[in-house]
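Number of protein chains: 2
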Amino acid sequence: MIYLDNAATTYPKPEEVYRTVENANRNYAFNAGRGTYKEAHQTLEMIEETRQLLGNLIGVSGSTVSFESSATEALNIIIYGLGLEDGDTVYISPFEHNAVVRPLYNLQKTKNINIEVLPFIKETWEFDAEKANDFFALKKPKAVFVSHISNVTGYILPYEEIFTLSKKYGAVTILDCSQSLGVLNPSNINIDFVVFAGHKSLYATFGVAGFMNLSNMRLNVVKSGGTGSDSLNHEMPEGGNGRYEAGSINSVAIAGLNQSIKWLTKNQVYQHEKDLTDLLISKLQKKDNIHLYIPDNYSKIQGIVSINVEGYSPIDVGTILSDDFDICVRTGYHCSPFVHDFIGSRERMGTVRISIGAFNTESEIEQLISALDTF
Amino acid sequence: MIYLDNAATTYPKPEEVYRTVENANRNYAFNAGRGTYKEAHQTLEMIEETRQLLGNLIGVSGSTVSFESSATEALNIIIYGLGLEDGDTVYISPFEHNAVVRPLYNLQKTKNINIEVLPFIKETWEFDAEKANDFFALKKPKAVFVSHISNVTGYILPYEEIFTLSKKYGAVTILDCSQSLGVLNPSNINIDFVVFAGHKSLYATFGVAGFMNLSNMRLNVVKSGGTGSDSLNHEMPEGGNGRYEAGSINSVAIAGLNQSIKWLTKNQVYQHEKDLTDLLISKLQKKDNIHLYIPDNYSKIQGIVSINVEGYSPIDVGTILSDDFDICVRTGYHCSPFVHDFIGSRERMGTVRISIGAFNTESEIEQLISALDTF
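Line by line, the protein sequences give chains E and L.
With this note's numbering as the guide, the letters of the first sequence map in order to residues 10 to 384.
With this note's numbering as the guide, the letters of the second sequence map in order to residues 10 to 384.
To be clear, the hints were calculated from the coordinates, so they are not data collected in a lab.
Some clues are possibly wrong.
Said to hold, decoys possible - The calculated PhoX-like cross-link candidates involving lysine-lysine, where the alpha carbons are at most 20 Å apart (straight line), are:
id: 1; chain 1: L; residue 1: K118; chain 2: E; residue 2: K120
id: 2; chain 1: E; residue 1: K176; chain 2: E; residue 2: K149
id: 3; chain 1: L; residue 1: K292; chain 2: L; residue 2: K309
id: 4; chain 1: E; residue 1: K120; chain 2: L; residue 2: K120
id: 5; chain 1: E; residue 1: K118; chain 2: L; residue 2: K120
id: 6; chain 1: L; residue 1: K292; chain 2: E; residue 2: K118
id: 7; chain 1: L; residue 1: K131; chain 2: L; residue 2: K309
Stated by the list, open to error - Not the full set, but computed from the structure, chain E residues with beta-carbon under 7 Å of chain L:
id: 8; residue: Y27
id: 9; residue: A108
id: 10; residue: P112
Even for Gly, the Cβ is constructed at its ideal location relative to N, Cα and C.
With the hints as extra help, turn the sequences into a complete structure.
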């Protein structure tokens, strides 16, 4: 099998992640901080260490980290926690995932918020700062959501430029790093929330994700429940990461994340994925029957490449690649509703998405190219 | 180590659960239903089979099952999804966990709902149906929340009696089976929602939980995001379990649950835990310095026993048991705020909770008793 669906979930994981998760399940899968016994305390210490490992990736304290079960849950907690009110305007990039788009539209049913798409230039994929400034002046941004790397196109968004402008208007800034953190780490400047997905670019297993609250902003409580502390209080803690962590924490998945971050810091995953991305694009560019969704300058494409094959629907391409070549890609709209208007793939039933991981090889890229030669 | 904190999370798990989870992580940890390739489809089939295994436990269709990351998340999704409005009254038993209590109190900040505690008789722990009927007549129940087994006292609540009355008043009925499903299964009569926690009585790992929607009630959307389908639609699916399953599903934890349910159906876990519970209670009753929190007739206590030791705070007992005897129990209020007024442990800083699992032995109970002899 040639696995090229790493944007859905990275596979495989580093060997030490598998071993750690297996060991954690067998030997220390306790309910951290909820017991009086030393094994529960040890589990708690490992969780705190993992918060700091995450914080180190962008140079902030581990105390900013709240663990959730998925980036989707983290984004829901932020979006509903911001306390948006009637008349507020939020801006999203055209590259945002439904984990941002759907909670915002769901919130719009009860709060009369405006949801606006940030202007980007179609040819260059650059942020249209001048136009955005006009938009912001007209409708002040309350919150601005940007993906660090687009899950459809692999585009590294110019979040610094967007957030610098957003902060001039006092917006809360949220960077969705589901496809980047661990491999490509953002700065910690002008960002209020960094969202991460353990099972994607962080190379951990399913079951751990969350957000970093860089400005220590106090969100309204969205999910509440037991915290193992202050049980007689009917409210969640007033502050700290515990305010956003109701229910048993998945200490086993966090143990895997602890190892995967250590592994990431010792390996050049960004450069490896970048090299394979460049190789893939250069090969695809030579093929007349392939439509590539990239900007003129593709240096900003990382790990993910979307294409279409002339004469074939995306799903047909995916099925043939799986059935005849044992190559796994993903096809369709990839839970990202606005990007297809931007890149022009809406009428083509979306794209065929090829997404590269740390364990893919040049040979696998060559085999994909050979398979595409048969179309 | 003698592990007697199974109400926090069961430990250990059946060997086949460990092996299945390890195998799933290594060999089929794909993003189910989000790929065009056969491996993703196989993962999806395993998930659907697991829904039916859960359904079989109470004789309903697997299509009623929505997977979430924790019982806490499942309860939040139900509580906020019910569409409670100003003036609505919800009833909870005095045995409810903060996974029920805190979301209700948090909701009360924006909706003027009444939260009432169901009447129970202090001596017998029986449901006071007559008084409840008076309450319901005065303030009609919109929703009634009952734990199947109390996480503090091990008490099997008379949910049939409570829900039969509740249904006469048209209430939505929610049974929290976090401490029971798999070991002690409820009926499917007069119940709208069954909540389950994979890592507790179902003997799976962390990362899988959820609810069964027995009446196919349409909840408002609480958590939204990608579903791997209909990506251009800004809304969650109109119906079906997918409406409540945003984000990547934890297929690895579900694979473990698939195995643990099969294991539970082949083993007499209920009887084993019952026998050890009865042994424990009979031994504790003989000790003058132990205060046992049980009703006069303790046949309804299953798996969990709360005590206090005269002259010691609960946390001191837990610490001594851990440090001197390597016995793990939990101490304090156990995320359950009302039960301590009911049983009288509030002023004693809660209880020492001894919770029994499938792998505990008579010898371990004897060792605990010997350890308590030293106090």
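Quick rundown of the hints versus the structure:
1. L:K118 to E:K120: holds, 16 Å
2. E:K176 to E:K149: Distance ~11 Å between K176 of chain E and K149 of chain E Cα, so the pair holds.
3. L:K292 to L:K309: holds, 17 Å
4. E:K120 to L:K120: This hinted pair holds, its Cα atoms lying about 15 Å apart.
5. E:K118 to L:K120: Given that 20 Å is the threshold and the Cα spacing comes to 16 Å, the pair holds.
6. L:K292 to E:K118: violated, 58 Å
7. L:K131 to L:K309: Distance ~15 Å between K131 of chain L and K309 of chain L Cα, so the pair holds.
8. Y27: Holds, about 6 Å.
9. A108: Where the cut-off is 7 Å and the nearest Cβ of chain L is about 4 Å from A108 of chain E, the hint holds.
10. P112: P112 of chain E check passes; min Cβ-Cβ to chain L is 5 Å, inside 7 Å.
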